[in-house]
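Q: Chains A and B, in that order, are what the protein sequence lines are. Count the first sequence with numbering that gives the first Met the number 0 and you get residues 0 to 237, in order. Count the second sequence with numbering that gives the first Met the number 0 and you get residues 0 to 286, in order.
Everything labelled a hint here was simulated from the structure, so no lab data went into it. The beta-carbon is built from N, C-alpha and C at its ideal position, and this holds for glycine as well. Careful, some of the hints might be misleading.
Derived lysine-lysine pairs resembling DSBU-like cross-links, with alpha carbons at most 35 Å apart [unchecked claim]: (1) K171/B / K67/B; (2) K53/B / K5/A; (3) K107/B / K5/A; (4) K70/A / K239/B; (5) K228/A / K123/A; (6) K231/A / K67/B; (7) K221/B / K232/A; (8) K22/B / K8/A; (9) K67/B / K125/B; (10) K147/A / K125/B; (11) K137/B / K70/B; (12) K147/A / K134/B; (13) K171/B / K53/B; (14) K228/A / K171/B.
A few chain B residues that face chain A, going by a derived Cβ cut-off under 7 Å, partial list only [stated by the list, open to error]: (15) T71; (16) K74; (17) S267.
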Amino acid sequence: MNSLLKLIKGEIVRLIKYKILFFGMLVSVIWLLIIAFQTKEQAQSIIPILIVTDSGMMGIILLGASFYFEKQENTVKSLLVSPVSLIQVLIAKIVSAIVSALVSLTIVVGFAIIYHGIEVQIIKLIFYALAIVISHTAIGYIIILKNKDFLSMLVVFSGVILLFYVPTLLKSLEILTSDYEILALLSPSYSGELLIRSSFNEIDWVKQLLAYIYLMVLGIGIYIGYVYKKFKKVAIEG
Amino acid sequence: MAKVFEVKDLCFKYPKHQADTIKSISFSVDEGIIFGLLGPSGAGKSTTQKILTKLLTGYTGSILYQGKDLKTYNKSFYEDIGVGFEMPVHFNKLTALENLDYFASLYKKTIDYHELLRRVGLYEAKDQIVGEFSKGMKIRLNFVRALLNDPDVLFLDEPTNGLDPNNAKIIKDIIRELKQKGKTIFITTHLMGDVEQLCDQVVFITKGKISPISTPRDLKLKYGKKELTIEYLNNHKREKETFPLEGIGSNQMFLDILSQNEIETIHSGETSMEDIFIKVTGEEKYE
Numbered sequence: 000m001n002s003l004l005k006l007i008k009g010e011i012v013r014l015i016k017y018k019i020l021f022f023g024m025l026v027s028v029i030w031l032l033i034i035a036f037q038t039k040e041q042a043q044s045i046i047p048i049l050i051v052t053d054s055g056m057m058g059i060i061l062l063g064a065s066f067y068f069e070k071q072e073n074t075v076k077s078l079l080v081s082p083v084s085l086i087q088v089l090i091a092k093i094v095s096a097i098v099s100a101l102v103s104l105t106i107v108v109g110f111a112i113i114y115h116g117i118e119v120q121i122i123k124l125i126f127y128a129l130a131i132v133i134s135h136t137a138i139g140y141i142i143i144l145k146n147k148d149f150l151s152m153l154v155v156f157s158g159v160i161l162l163f164y165v166p167t168l169l170k171s172l173e174i175l176t177s178d179y180e181i182l183a184l185l186s187p188s189y190s191g192e193l194l195i196r197s198s199f200n201e202i203d204w205v206k207q208l209l210a211y212i213y214l215m216v217l218g219i220g221i222y223i224g225y226v227y228k229k230f231k232k233v234a235i236e237g
Numbered sequence: 000m001a002k003v004f005e006v007k008d009l010c011f012k013y014p015k016h017q018a019d020t021i022k023s024i025s026f027s028v029d030e031g032i033i034f035g036l037l038g039p040s041g042a043g044k045s046t047t048q049k050i051l052t053k054l055l056t057g058y059t060g061s062i063l064y065q066g067k068d069l070k071t072y073n074k075s076f077y078e079d080i081g082v083g084f085e086m087p088v089h090f091n092k093l094t095a096l097e098n099l100d101y102f103a104s105l106y107k108k109t110i111d112y113h114e115l116l117r118r119v120g121l122y123e124a125k126d127q128i129v130g131e132f133s134k135g136m137k138i139r140l141n142f143v144r145a146l147l148n149d150p151d152v153l154f155l156d157e158p159t160n161g162l163d164p165n166n167a168k169i170i171k172d173i174i175r176e177l178k179q180k181g182k183t184i185f186i187t188t189h190l191m192g193d194v195e196q197l198c199d200q201v202v203f204i205t206k207g208k209i210s211p212i213s214t215p216r217d218l219k220l221k222y223g224k225k226e227l228t229i230e231y232l233n234n235h236k237r238e239k240e241t242f243p244l245e246g247i248g249s250n251q252m253f254l255d256i257l258s259q260n261e262i263e264t265i266h267s268g269e270t271s272m273e274d275i276f277i278k279v280t281g282e283e284k285y286e
């Protein structure tokens, strides 16, 4: 087994041991209760928001929890003096975030399929969920690496949530019309929501393509341009 | 003797600091010795160690490792070295063995760390969550972690700080055995007892500047007083005299005291390493 697989295995074991996965699943159970009390149509319209909240926003909180645990325990230092590269360490963390998101996704969507008989394009859903995780964890890392502790991270994170959900709010209040939806795609959460919605309903493929490219470029760009440079520095210097 | 590290004109500044933390230091470390980097807190010891272990980059000057520029080494460098941090570096919710198994899995070759756990007295606690360990147990586990890959060069930051004398002795014995096996050991510490017992060569670092390489014995000779103090009973009255060491064998007064009185104590004017530490790091005149 090469180093990357060992790192990924280690990250997933810690997701379980630190109960990060458990709390992620617990939140998913709350979503199940919400879905259970909706009609099929209502559930179909709310599930994309729940998935983005779960895979994206909750993902950032779980990533933060994991990062600050490791920072407190100095374990990143120990990893960085092992024969593994920083890229491998980061990929392992992204993969573990994806695993956590997929577990939640399976619970939420699985329940929706069984309980409401909702039809969904599974492959497309998973493919798009990956883009949501990559972009949101990258944004999460910006917040995490700029804040000394979990509490100050949460304060900044609350502001980011509000900002990202403005387009969704404007759309639901019918203030944001279809003519301006392209602008709303600038919000990674709205782009993610649009992609997930396209797994349940017909949505213009140009918008899907734009949203997908935007999330992937944003996520990978942040990882290469910011996280890679800053991660080691923060882990070593505190 | 081959050089493991050759450091020349090394300077380093943390981005948010105004002044250099390391100010143009030069030194070399011979293969197979225990090298002590000494100095007060915040002097630049740990920064120097982090640079040598490639945790910090962005320095100026040159560092050669085994004759090659340190910057040219990739992650395989870490197959060669072991790093023991001062602070615990373990996953608190994993057991000691789970921690070691995980880190060991990242190396191509590993030692029998079960045996080492036994030696440092942690074998019985191997299945215990590290979060439940005492400070001393975590320090010993750090030591085992640093040795997992049977490194040729070992960096130890305050390896016995916080250990009781028995456990400190075990760690020091293992360090000596590693030296016997030809390993090079780089110790960063402020515990002068460790330095005296372990180090072959030492340098002091103070405010980013470094002293010339010396040995604990040379330092004692340099900073110690070359004199001898004798306490004796003269007609049931305790008296004390100090004599210069030079020509002590023919000093008649000294010889008379020895032959005519009951001697209580004799001490050479050897300065302790603690005193030398205070004296040397207080001077700050390294250029």
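Q: All the hints need checking, so say for each whether the structure fits it.
A: Going through the hints against the structure:
no.: 1; hint: K171/B / K67/B; result: 31 Å, holds
no.: 2; hint: K53/B / K5/A; result: 22 Å, holds
no.: 3; hint: K107/B / K5/A; result: 13 Å, holds
no.: 4; hint: K70/A / K239/B; result: 58 Å, violated
no.: 5; hint: K228/A / K123/A; result: 32 Å, holds
no.: 6; hint: K231/A / K67/B; result: 24 Å, holds
no.: 7; hint: K221/B / K232/A; result: 41 Å, violated
no.: 8; hint: K22/B / K8/A; result: 42 Å, violated
no.: 9; hint: K67/B / K125/B; result: 39 Å, violated
no.: 10; hint: K147/A / K125/B; result: 32 Å, holds
no.: 11; hint: K137/B / K70/B; result: 32 Å, holds
no.: 12; hint: K147/A / K134/B; result: 24 Å, holds
no.: 13; hint: K171/B / K53/B; result: 26 Å, holds
no.: 14; hint: K228/A / K171/B; result: 38 Å, violated
no.: 15; hint: T71; result: 15 Å, violated
no.: 16; hint: K74; result: 5 Å, holds
no.: 17; hint: S267; result: 43 Å, violated
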